[in-house]
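Chemist: Between the sequences and the hints, there should be enough to build the whole structure, so can you do that?
Chains as they are written, first to last, in the numbering used here: chain A, 1 to 420; chain B, 1 to 307; chain C, 1 to 312.
Just so you know, not all the hints are guaranteed correct.
As the list claims (entries may be wrong) - Chain C stretches covered by chain B per the calculated footprint, using a threshold of three residues with CB under 8 angstroms from any CB of chain B:
no. : region
1   : 56 to 68
2   : 92 to 101
3   : 104 to 117
4   : 146 to 155
5   : 162 to 174
None of these hints come from the bench; they were simulated from the model.
Positions of the beta carbon are idealized from the N, C-alpha and C atoms, including for glycine.
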Amino acid sequence: MLAGAVAVAGIAACSPEEGAGPSDEPVEIEFWGWVPGLEDLVAQWNEENPDVQVAFHRMTGDDGQKVEAAVDAGAGPDLVQLSTHNLPDYVIAERVQDITDYVADDESNYTPASWASVSFDGRVFGVPQGIGPAATMYRHDIFAEHGIEFPTTWTEYLDAARALQEADEDLYIANLSPSEMGQWLQEIQQAESSWYGIADDAWTVGVDDEGSQLVAERWQTLLDEGLVTTEPMWTPEYWSLVNDGTIASITYAAWFPSILAENASGLAGQWSIAPMPTNDGSTNGGDSGGAAVVVLANAEQPAAAAEFASWLNGSDDTQEALITVGGLFPSTQNGLASPALLQENEFYGGQVINEVFIEAAENTPATWVEGPNYGFIQTTILDEFARVVNGDQTFAEALDVTQEAAIADLENRGLEVAAP
Amino acid sequence: MASDVAPPPVRDSAPAPAGRRTTFVSGERVSRTWMVIATAVMALASIYFLVPVVWLVIAATKSTGDLFSTPGFAFADFNLLENLQALSTYQDGIFWRWGLNSIIYSVLGSALTTLVCAITGYALAVYRFRGRAALISVVLASLLVPGTVIAQPTYVLLVSLGLDNTYAGLLLPALVYPFGVLLCFIFAQSSVPLELVEAARLDGAGELRIFVAIGLRLLASGLVTVLLFAFLGSWNSYILPLLVLTDAELMPLTVGLTGWNQASITIPGLQILTVVGSLVSIIPIAIVFLSLQRFWKAGLTAGSVRG
Amino acid sequence: MSTSTATGSRRRRHGAVSPWAPYLFVAPFVVLFLLFLVAPIAVAFVNSLFSRQSSGLGFGGSSIEFVGLANFVRAFADRDFLIGFPRVLLYGAVQVPVMMAIAAFFALLFDTALVKGRRFFQFTVFLPYAVPSVIAALLWGFLYQPSVSPVLQFFESVGITLSPLASTVVLWSIANVALWSLVGINMIILFSALQSVPREMYEAARIDGAGEVRTALQIKLPMIAPAVLLTTLSSIIGTLQLFNEPQVLQTITSNIPSDYTPNMAIYATSTLGKDPHLASAMAVILGLATLVVSLLVLAANKRTTNRAGHGL
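Modeler: Shown next, in the form of structure tokens:
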């Protein structure tokens, strides 16, 4: 609220100074993001809006940390793309501005879950940009060769995994990467788990809640029975497992199929996409998380910045490019209605793959709550998972350790923590 | 084999290196067997040092598709020229811009750094002044500071000086090179004879002139080492430019290439560009080394003066 | 101002030094040193005494509060952070002597006439240092992954199965990357120190009938003791601050956790854990630990040889 007031004052102070021609000095907005094709969209905006000129910087891996250092030092861009998992931390550290006043009208164009992921304490801190509903990409040729139906439930999945192993000891149903957070998140969200909850005026921590324990049990079975490989994802070693047919399926978010197609181009036509298997008695889907464009604390023209963010993520003009070039799965209603979403995909044998993801998005429970020390929990839980894969402990034990550490960390920040 | 690059003032007192070598070789203790063994040992060792580089060279000739699907030490379809072209055109050839930046940072930075180190190390070795011992121990202690500690505060400082995202913001902090100061100090101690400085003073030379005419000259071989270190330090530096620079046009190769490698997760074509770019980035350092290599020989003249 | 010093000297007593000369000489360094090293350290130290505190859910904002030594208490209670210290000490205890021995061996060998094609070999030993450490770790990362590594595949074909990323050996695989990168530069320092030693020193030994090996160990090595000490010391410091290699290799193996070395723990805490104040406290602890180890090395060195220490 304070930030908004300052911003309004800023604009008010600006216009009389400029006198008659407020448009002779264009507002300059610096924007950092990583989605492919943003350069073109920024160019389009700049052409159509001579009074608000946006400068774009493409972020790579380590730039994420740079944003925080820059904001805290009083430098940095005006707008940045951010994982919504990290947003509460930014809100608490006052690194982002409240943009409720500028974007409140956009709410109806966004899915309720994505809007919730940028709203805290009744205020809006960002414009959602894509979500990550999960589905399973699988080698239909391998499953057919061994006469195995692709499973629809996790129980069947375990049986299928055993059958594949029995048929060929060098064949695994999937790779269980101890370092890939999203694959864990999508399954625990499907099981209606949430790392955080809010009880009155306090946080609750649910790292080891019922849903997470259900997934932990399943992963433990996969690991103990040797049904999965355990390479870290994205490495050459991992892609060789994919390319030489050692792993028969990959369960991941809607932005993954295009990456798979690029990295396994020799396997075109041999993959299909099916809904992620479900837990018994449930039709829930899962989601590994989305992103948002946020206005950072040092932005001097938050109204103009928010206006651009609102156009970029929500305009009818941008949806097709974001979907086809950017590879985003839309969090907007007009994006979900875009014909671009329903194109046939050659790599997947002409399948309209997004039909599966749309269904997953519709079936994703709205139980996940974003909370303040996501980065800490992620680091801790991944380190603990690595120990699980090495056989030093079980997934259940990893959850207990992380739960305890997460609560201690929240309390060290002065935050209120309640028992779940 | 050896070219004579000994500095003029002491040239006459130093026999030509080549001549010395001959005496060594013809000396009765250097047996042919030992020479073969030593050379064989070095040949074996050089395999170890070269294997990853050879892998890099071969990988750079492959297409994205062949990079990991063909044997690492076997050539596949020769794609080097296509790769170089892709490297030159990707994002309007920003790679060459990064290379130019790296060269600017490293050349300018290392020259200035070496000068600062030389004059400081020389002063510590030649003069006795109040605070000298304290300065030496503080410089020594500063070697112990983990780089990660000061990266963030340095960045905040640069922002408040308005130097973030500028060439100066990257160059100025790099001038503080305690290790180089210590090296110069040690070199000066062993190769600048105080008698010579004293004699120059008696001749009426000023202190700065003595430093330039005698100090710098006698320190030359040591300074080449410091120069090389400082050059490589700038060339390899990653954390500071990552923090200080936001403009892709200002970035050095390390930051650019690492960024490409990280982005190759989602843009697979960048993997091969990272490989080719890494190979190209080694070439300037190789040239610098080869051109400085002969200077190490000059080092022996410093000792001759003293002896 | 320096010219005035120069002209003024003529009027002074013969051989007298202007009292200001040394200060003017060291001034540029001292100013930069204060600004870009001492000031940031001071800031880091002050940061370690503060903490960002919120209340309730935290959405009311936060403030930076003085918490005394609370961050240090937390750091010392972090078992995984503390385990990093003995780990890098073990690493250093093996990697540094091996690296220095190899570097000294090469330097001494190059200083004799025993090696044919000396320049070429010097170049090959040095070349890895030209590869930025981030890229070097990347390269070795490829060579460490069984399905893409030609080296591992070669060993496999002759019946030797190597898994350099296994949790028991990954520390030594990291050491190998560092060794590969750094032998060359240490060799160059020692070699250039050897080159500045007056040849007459050896001639005397030679006349006494000392062989190459004896000359190397008993005459040459002691002569370059200060350079050996300096390179050893900076190598030890380097190992305590081990970061780049494990950080890059971390992306290809789960056997390197985010707090594998103290420096990695600091980085993870300040960036991923988002607690720069706790990270500052950890960094101060690491700095002090490095100081203690270095002092021990210097003390040990003084005891074994009273010659080597004089340079420092």
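Chemist: Of all the hints numbered above, which does this structure not satisfy? Sort the numbers upward.
Modeler: 1, 2, 5
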